[in-house]
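> In case you want the letters, here they are:
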Amino acid sequence: MLDTDFFRRWMTAAAASVEREADQLTELDSAIGDADHGSNLQRGFAAVTEVLEKDAPATPGAVLTLAGRQLISTVGGASGPLYGTLLRRTGKALGDDDEVTQAQFAQALAAGVAAVGQLGGAQAGDKTMLDALLPAAEALATSFDGAAEAARAGAVATVPMQARKGRASYLGERSIGHQDPGATSAALLVEALAATATATDGVDA
Amino acid sequence: MKMLINVPETVVADALRGIAAAHPELTVDVENRVVARRDAPVAGKVGLVSGGGSGHEPLHAGFVGPGMLSAACPGEVFTSPVPDQMVRAAAAVDSGAGVLFVVKNYTGDVLNFEMAAELAEDEGLQVAQVVVDDDVAVSDSTFTAGRRGTGATLFVEKIAGALADEGAPLDRVAAVARQVNGASRSFGVALGAVTTPAKGSPTFDLPAGELELGIGIHGEPGRERRPMMTSGEIADFAVNAILEDLRPTGPVLALVNGMGATPLLELYGFNAEVHRALSERGVPVARTLVGNYVTSLDMAGCSVTLCQVDEELLRLWDAPVRTAALRWGR
Numbered sequence: 000m001l002d003t004d005f006f007r008r009w010m011t012a013a014a015a016s017v018e019r020e021a022d023q024l025t026e027l028d029s030a031i032g033d034a035d036h037g038s039n040l041q042r043g044f045a046a047v048t049e050v051l052e053k054d055a056p057a058t059p060g061a062v063l064t065l066a067g068r069q070l071i072s073t074v075g076g077a078s079g080p081l082y083g084t085l086l087r088r089t090g091k092a093l094g095d096d097d098e099v100t101q102a103q104f105a106q107a108l109a110a111g112v113a114a115v116g117q118l119g120g121a122q123a124g125d126k127t128m129l130d131a132l133l134p135a136a137e138a139l140a141t142s143f144d145g146a147a148e149a150a151r152a153g154a155v156a157t158v159p160m161q162a163r164k165g166r167a168s169y170l171g172e173r174s175i176g177h178q179d180p181g182a183t184s185a186a187l188l189v190e191a192l193a194a195t196a197t198a199t200d201g202v203d204a
Numbered sequence: 000m001k002m003l004i005n006v007p008e009t010v011v012a013d014a015l016r017g018i019a020a021a022h023p024e025l026t027v028d029v030e031n032r033v034v035a036r037r038d039a040p041v042a043g044k045v046g047l048v049s050g051g052g053s054g055h056e057p058l059h060a061g062f063v064g065p066g067m068l069s070a071a072c073p074g075e076v077f078t079s080p081v082p083d084q085m086v087r088a089a090a091a092v093d094s095g096a097g098v099l100f101v102v103k104n105y106t107g108d109v110l111n112f113e114m115a116a117e118l119a120e121d122e123g124l125q126v127a128q129v130v131v132d133d134d135v136a137v138s139d140s141t142f143t144a145g146r147r148g149t150g151a152t153l154f155v156e157k158i159a160g161a162l163a164d165e166g167a168p169l170d171r172v173a174a175v176a177r178q179v180n181g182a183s184r185s186f187g188v189a190l191g192a193v194t195t196p197a198k199g200s201p202t203f204d205l206p207a208g209e210l211e212l213g214i215g216i217h218g219e220p221g222r223e224r225r226p227m228m229t230s231g232e233i234a235d236f237a238v239n240a241i242l243e244d245l246r247p248t249g250p251v252l253a254l255v256n257g258m259g260a261t262p263l264l265e266l267y268g269f270n271a272e273v274h275r276a277l278s279e280r281g282v283p284v285a286r287t288l289v290g291n292y293v294t295s296l297d298m299a300g301c302s303v304t305l306c307q308v309d310e311e312l313l314r315l316w317d318a319p320v321r322t323a324a325l326r327w328g329r
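Chains A and B supply the protein sequences, listed in that same order. Here numbering that gives the first Met the number 0 is used: the first sequence runs in plain steps of one and ends on residue 204. Here numbering that gives the first Met the number 0 is used: the second sequence runs in plain steps of one and ends on residue 329.
Treat the hints with care, since some could be wrong.
Calculated from the model, a selection of chain B residues having no Cβ within reach of chain A, i.e. all distances over 12 angstroms [stated by the list, open to error]: (1) Val41; (2) Arg177; (3) Thr229; (4) Phe236; (5) Pro247; (6) Val284; (7) Asp317; (8) Leu325.
DEER-style ranges, computed between Cβ atoms [stated by the list, open to error]: (9) Gly176/A to Glu232/B: 23 to 33 angstroms; (10) Glu120/B to Asp54/A: 20 to 30 angstroms; (11) Asn31/B to Ala45/A: 12 to 22 angstroms; (12) Asp4/A to Glu30/B: 24 to 34 angstroms; (13) Pro7/B to Asp54/A: 26 to 36 angstroms; (14) Ile175/A to Leu3/B: 33 to 43 angstroms; (15) Asp4/A to Asp38/B: 47 to 57 angstroms; (16) Val158/A to Leu264/B: 40 to 50 angstroms; (17) Ala45/A to Met227/B: 41 to 51 angstroms.
No wet-lab data here; the hints were simulated from the structure. Given the structure is predicted, the values throughout are model-derived calculations rather than measurements. Think of the CB as a built atom: it goes at the ideal place given N, C-alpha and C, for glycine as much as any other residue.
Just need the whole structure built from these sequences, with the hints factored in.
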């Protein structure tokens with residue numbers, strides 16, 4: 000079972016990972032976007048860590064809902080609403096339970112990912128964060144590590160794609176050949192999740 | 000890269016403190032990042048709120064004042080503001096007559112303003128939105144994010160702002176804002192890349208002998224790179240690109256806009272070529288604005304925006320305006 004502390008530690012791990020990789024995300028974003036993805040997410044997740052410490056939400060669902068709301072309030076750009084919606088809708092789908100099973104979580108994450116697709120009007124193959132999130136949500140039903148691998152592979156698979164959504168779409172064919180920064184940060188999030196699970200006894204056994 | 004900043008993290012707040020120091024006629028909420036006219040809310044008047052990433056100065060805060068915007072919310076550099084800012088701005092300028100959000104068509108701006116509109120309506124505010132999407136360099140289809148919003152933002156804000164000043168109701172102000180957007184098209188070129196404070200180096204390499212055609216205002220490369228052209232050749236290219244899409248049957252407003260690092264000497268010379276190109280194609284120019292209005296940090300280059308006007312739009316364009324960056328008539 001996954002408890003509230005697990006989700007809080009996931010968010011902390013995600014914040015640390017975003018902090019560590021911020022420059023790389025910004026570098027990827029400078030190729031096909033506007034060179035701010037790293038600094039924006041860094042600001043947002045730092046705020047998430049802060050609010051989770053201060054407000055100490057009591058359930059897994061409340062952790063993610065609060066984290067999502069905080070991202071919307073601090074990140075801006077497209078990443079704020081999209082990542083905010085991902086976490087909020089995943090959190091809402093988890094409901095009020097004190098603990099959730101991995102299967103419940105996988106189902107909730109799939110709902111969160113679907114909400115992102117709806118909000119951004121994007122689908123698989125558009126060279127967005129969905130290309131990492133969709134396979135990750137599917138793999139999560141069976142394995143945390145599998146989800147991380149699927150997300151990473153999904154991010155790498157965006158390299159040959161032509162962007163159809165977001166700012167990179169304005170480059171048309173010139174967006175081909177660059178890894179999508181959104182898919183890359185999404186993979187970081189899922190990798191942080193897998194690392195949190197590995198550090199937790201009895202998870203993903 | 001040398002920049003006149005303290006640290007990258009505070010550039011927006013520092014600029015807002017500077018705006019406050021220069022413009023006592025504005026209220027500047029540095030913490031929540033809202034710039035509003037000091038006399039807002041004006042009784043009976045529709046509020047006009049715009050916002051978007053910083054780095055496009057004087058857009059948006061430079062257009063706050065009588066005859067134009069009621070408030071602006073600047074985001075981080077090249078990053079949309081967050082819904083909380085927009086809701087605060089709307090609440091600060093709403094007199095009960097409702098608020099129009101002027102949104103540039105970028106995924107982030109659109110998503111955040113949509114969320115803000117929902118939140119504001121929850122608080123009992125009446126909100127309408129106009130999405131500006133004038134950039135002909137982007138082919139618009141359901142498979143892209145759609146055309147970017149660039150120079151036409153100024154036309155929309157000025158003309159809708161004048162109408163709101165006359166006391167027109169929200170639906171009418173919104174309709175005219177959409178009319179202006181529908182009648183406007185832009186095309187931009189870059190002679191150099193952008194350096195954002197967060198990154199500290201140019202966002203792309205542009206060799207000395209080349210230029211980027213079809214750029215937006217966020218330092219992203221354009222659709223195509225070519226060997227450097229003369230001012231006249233660039234004017235022909237931009238005007239052709241616009242007129243392929245907008246076929247004006249009457250006079251136009253022309254905005255020859257600098258992207259931030261191109262001096263007025265060059266912009267005026269370019270404006271002469273734009274006028275020549277339009278005259279050769281039988282398009283009369285009713286009014287012209289030349290300067291740095293919708294910029295992209297330190298990008299060298301320019302954009303052209305044309306808006307076909309009728310008598311009413313021209314009258315609203317000529318109406319008095321008093322903002323930091325645009326003022327005439329009073």
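> Give a verdict on every hint.
Quick rundown of the hints versus the structure:
{"no.": "1", "hint": "Val41", "result": "holds (28 angstroms)"}
{"no.": "2", "hint": "Arg177", "result": "holds (21 angstroms)"}
{"no.": "3", "hint": "Thr229", "result": "holds (25 angstroms)"}
{"no.": "4", "hint": "Phe236", "result": "holds (17 angstroms)"}
{"no.": "5", "hint": "Pro247", "result": "holds (25 angstroms)"}
{"no.": "6", "hint": "Val284", "result": "holds (28 angstroms)"}
{"no.": "7", "hint": "Asp317", "result": "holds (34 angstroms)"}
{"no.": "8", "hint": "Leu325", "result": "holds (26 angstroms)"}
{"no.": "9", "hint": "Gly176/A to Glu232/B: 23 to 33 angstroms", "result": "holds (29 angstroms)"}
{"no.": "10", "hint": "Glu120/B to Asp54/A: 20 to 30 angstroms", "result": "holds (26 angstroms)"}
{"no.": "11", "hint": "Asn31/B to Ala45/A: 12 to 22 angstroms", "result": "holds (18 angstroms)"}
{"no.": "12", "hint": "Asp4/A to Glu30/B: 24 to 34 angstroms", "result": "holds (33 angstroms)"}
{"no.": "13", "hint": "Pro7/B to Asp54/A: 26 to 36 angstroms", "result": "holds (29 angstroms)"}
{"no.": "14", "hint": "Ile175/A to Leu3/B: 33 to 43 angstroms", "result": "holds (37 angstroms)"}
{"no.": "15", "hint": "Asp4/A to Asp38/B: 47 to 57 angstroms", "result": "holds (52 angstroms)"}
{"no.": "16", "hint": "Val158/A to Leu264/B: 40 to 50 angstroms", "result": "holds (43 angstroms)"}
{"no.": "17", "hint": "Ala45/A to Met227/B: 41 to 51 angstroms", "result": "holds (43 angstroms)"}
Hint compliance for this structure: every hint is met.
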